[in-house]
Structures are given as structure tokens and as C-alpha cells.
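Enquirer: Residues per chain are reported as follows:
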Amino acid sequence: MQEIFNIFIKSIFIDNMVFAYFLGMCSYLAVSKTVKTSVGLGFAVIFVLGITVPVDYLLNEYVLKAGALVWVDASFADVDLSFLSFILFIAIIASMVQLVEMIVEKFSPALYASLGIFLPLIAVNCAILGGSLFMQERDYQSLGQATSFGLGSGVGWFLAIVGIAAIREKIRYSNVPPALRGLGITFIITGLMGIAFMSFLGIKL
Amino acid sequence: MSAEVKEREPLFSAKNMKLIKNPINLSNPITVQVLGICSALAVTAKLMPAIVLSISVLVVMAVSNVLISLLRNGIPPRIRIIVQLVVIASMVILVDQVLKAFVYDVSKQLSVFVGLIITNCIIMGRLEAFAMSNKPWPAFLDGIGNALGYGIILIIVAFFRELLGSGTVLDMQVIPEGFYEFGYKNNGLMILPPMALITVGVIIWVQRYYTRDLIEKN
Numbered sequence: 001m002q003e004i005f006n007i008f009i010k011s012i013f014i015d016n017m018v019f020a021y022f023l024g025m026c027s028y029l030a031v032s033k034t035v036k037t038s039v040g041l042g043f044a045v046i047f048v049l050g051i052t053v054p055v056d057y058l059l060n061e062y063v064l065k066a067g068a069l070v071w072v073d074a075s076f077a078d079v080d081l082s083f084l085s086f087i088l089f090i091a092i093i094a095s096m097v098q099l100v101e102m103i104v105e106k107f108s109p110a111l112y113a114s115l116g117i118f119l120p121l122i123a124v125n126c127a128i129l130g131g132s133l134f135m136q137e138r139d140y141q142s143l144g145q146a147t148s149f150g151l152g153s154g155v156g157w158f159l160a161i162v163g164i165a166a167i168r169e170k171i172r173y174s175n176v177p178p179a180l181r182g183l184g185i186t187f188i189i190t191g192l193m194g195i196a197f198m199s200f201l202g203i204k205l
Numbered sequence: 001m002s003a004e005v006k007e008r009e010p011l012f013s014a015k016n017m018k019l020i021k022n023p024i025n026l027s028n029p030i031t032v033q034v035l036g037i038c039s040a041l042a043v044t045a046k047l048m049p050a051i052v053l054s055i056s057v058l059v060v061m062a063v064s065n066v067l068i069s070l071l072r073n074g075i076p077p078r079i080r081i082i083v084q085l086v087v088i089a090s091m092v093i094l095v096d097q098v099l100k101a102f103v104y105d106v107s108k109q110l111s112v113f114v115g116l117i118i119t120n121c122i123i124m125g126r127l128e129a130f131a132m133s134n135k136p137w138p139a140f141l142d143g144i145g146n147a148l149g150y151g152i153i154l155i156i157v158a159f160f161r162e163l164l165g166s167g168t169v170l171d172m173q174v175i176p177e178g179f180y181e182f183g184y185k186n187n188g189l190m191i192l193p194p195m196a197l198i199t200v201g202v203i204i205w206v207q208r209y210y211t212r213d214l215i216e217k218n
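Protein chains in written order, with our numbering: chain H, 1 to 205; chain L, 1 to 218.
Reference excerpt, derived from the structure (chain L facing chain H, CB under 7 Å, subset only):
1) I82
2) I93
3) V112
4) G115
5) I118
6) I204
7) Y209
In short, the hints are calculated from the structure, not lab data. Ideal Cβ placement from N, Cα and C applies to all residues, glycine included.
Same shape as in the complex, but just chain H:
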């Protein structure tokens, strides 16, 4: 139980998707102009990461890993399908996003209206695929750990995008050198935020 909580905290602050690995930067830069839209996208990412990482974990554990197919038949013990993981993970993500979109639309039209076009965009957000690939690389031991890693990464991404959106709303009133305006200053601010987040590196969990 404690291990699960540690992974959660670690994936929010220490291994933050944006500041430590630069994942999901494209939508992070494109959608962070106002706080309101970035909150919507942030929630959608938490949601999708919280679902796809555990599903991909099960897929990896019972289909892809070396010897994972033993439950079908003992003769599959030395079958290793891990080279297929890219294509299967992306297929799972694309279909999960589609499924989540349909379910949300049916049961909670209000949430659907607020997430709007962000849900389909998430299929090509690298933070989502990155979450699954890191899960595979770090070899988490149980479904609980994988889920808490997925949710934690989502929350970390949410914090990052809401933070930068709040700063960008204020920076409109500052006198930025013309050539740095817009994109340039956003990069530099993200870098500074990353340096601030590095102070969490000292925490041992």
C-alpha cells in the first residue's frame, strides 16, 4: 500500500511528465493560453492516463512479455511479442479514447461539453503513450502500482499545464522583447518551472 502511494507522489513531482521528460509538450504549448481550457485538457489527460496505463499493463503482462502467454498453453513459454508493443499500445489508446468519449457523452453530457474537442486530441498526446511505455520499461509489479503511476502522471501533467496557463495569462501585461514574445518566453518559463520542480529530486521515497 505504501509502495503504491510512493509511486503516486513520485510520478507527480519527481518524475513529472512535462518537466522531467518533456512529454505532451505539443498540446502543453498549444492549449495553455487560458486557464479554463487547460483545466479541461488536464482533467481529460488524468482520465485517459488512469485508464490506458492499467489496461496496457494487463496487455503487457498477459500477452506481450516474454513467456506471458503461458496461461494459454505451456508451449508458448518462450514466445516474446514485446516488439509488437508500440502498435498494440497505440491501438489500445486510440480505441480507449474513442470509448471514453462515447461513455462520457452518454452518461455525463455536461462533462462531455466541457472536455469538448480535447478528448480526441489526446490520442496523439505523447504523454499518454509515454505513460504506457514507461510503465513497461520500469516493470511495475502489480496492477495497483501501474494504476497509481498512470493517475500520478496525469495529475503531474495537470499541475504543469494549469501552472503555465496562469503564468501566460499574466505575462501578457509584461514587456517581453519582441523576438521572444509568445513561444520563446513560454519555453524559457517552462525551463524555469522545471528547475523549480527539480528541488523535489532530493526527496527519497
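Starting from the known structure of chain H, arrange chain L on it as the hints suggest.
Expert: Leaving out everything else, chain L in the frame of chain H:
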């Protein structure tokens, strides 16, 4: 027989050359279109992985642009994203297996970032914006051009980070020993991830300073 003989465009006409030249400066994928930042920054602490990733992206991009352009009339618009993802993902699997076989060390350093070429928005973006509506040859050139524009930024960032951060270029010591005796120290901060963002920010600053058209209106 039709009276009109269709004029053939030369392979390297001015229009086609533009497809290669433009993405290198005026519509650079990273500094202007803001595509493909994700994998670009994480691999630039050293020059070698940056070069390998640039070449991988070049291959994936050129081939998938041509494939999608060949298939473009047969793809139903509703499922085009999935078709594009499948084409890219299969190319990336090939590249990943080749890297694992021939340059295993670098492939370990790149870790998940080879896989992330799939969701590299630069590739999806070019497929969607260009290859879906153009013939294979221009699509091929467009792919090469954009991958070059991407690779150049990656290599510039990696060059400065490796030079200032570890005092080496391609793992060869370039800063003379004498400097260290006089108290010169490698700037450890350059190795850390946030400096990649700041370096790109500075590149954007320099580029826009010289190319005034790119400056954003407030």
C-alpha cells in the same frame, strides 16, 4: 489522341525545392510550427543520441509520407487517423529493431523516445496537412525537409548542451585540459532537462531576431 501534352514538372523544380528549404527556417517544425517538441528535448543532453534520433525521424517521416500519399485516395476520411497511426507505428517498429541490432548502446539511451516517434506530432501533422492531399514525390520532399528542419534544431541544441555541460563533442574532449587547471568547470546545469527548454527558447529568440516576419503580435 489528346492535343494537349501535359507538361512534366522537373523533379527538382523551384516549387519542389521550396518544400525542402522552407521547413529549415521559415516554417521550421520546432521553432515555428511547434510540432514534435516532446521527443526533441529529452534526447539532446549528448550529440550522438540526437543525431541517431534525427536520422530515425527522417527515415520514418519520408517513408510514411510516401506511403500515406500513395494510399491517400483509398483511405476513408473517418478512420484516417488510425490508418496513419498504423503506418507510422509499423515504420517505427522497423527502425527500433534496426537500432537495437546495430547501435544497441544508443538505443538504450534513447529508451522510450524511439517509440514516441509514433506520437511525434510532427509526423502526424505533416501526414494530415501535406501527404493526404499531394502526390508521392512532393510528399517525400516535404517529409525530408521537415525532418531536416527538426534534426538541425536537435543537433544545435545537443551540440551546445554537450559542449558546455560535459566539455565534449561526440564524446571527444574539446575543451583543453589547461582550462580546467585554471579553474574552468563544466556547467552541470546544461545536462539537466530544463536547460534544453531554455536553449530552445534562446534559439527561437535568435531566429526571430533575424527573421522579423516570425515575430508574434501581442
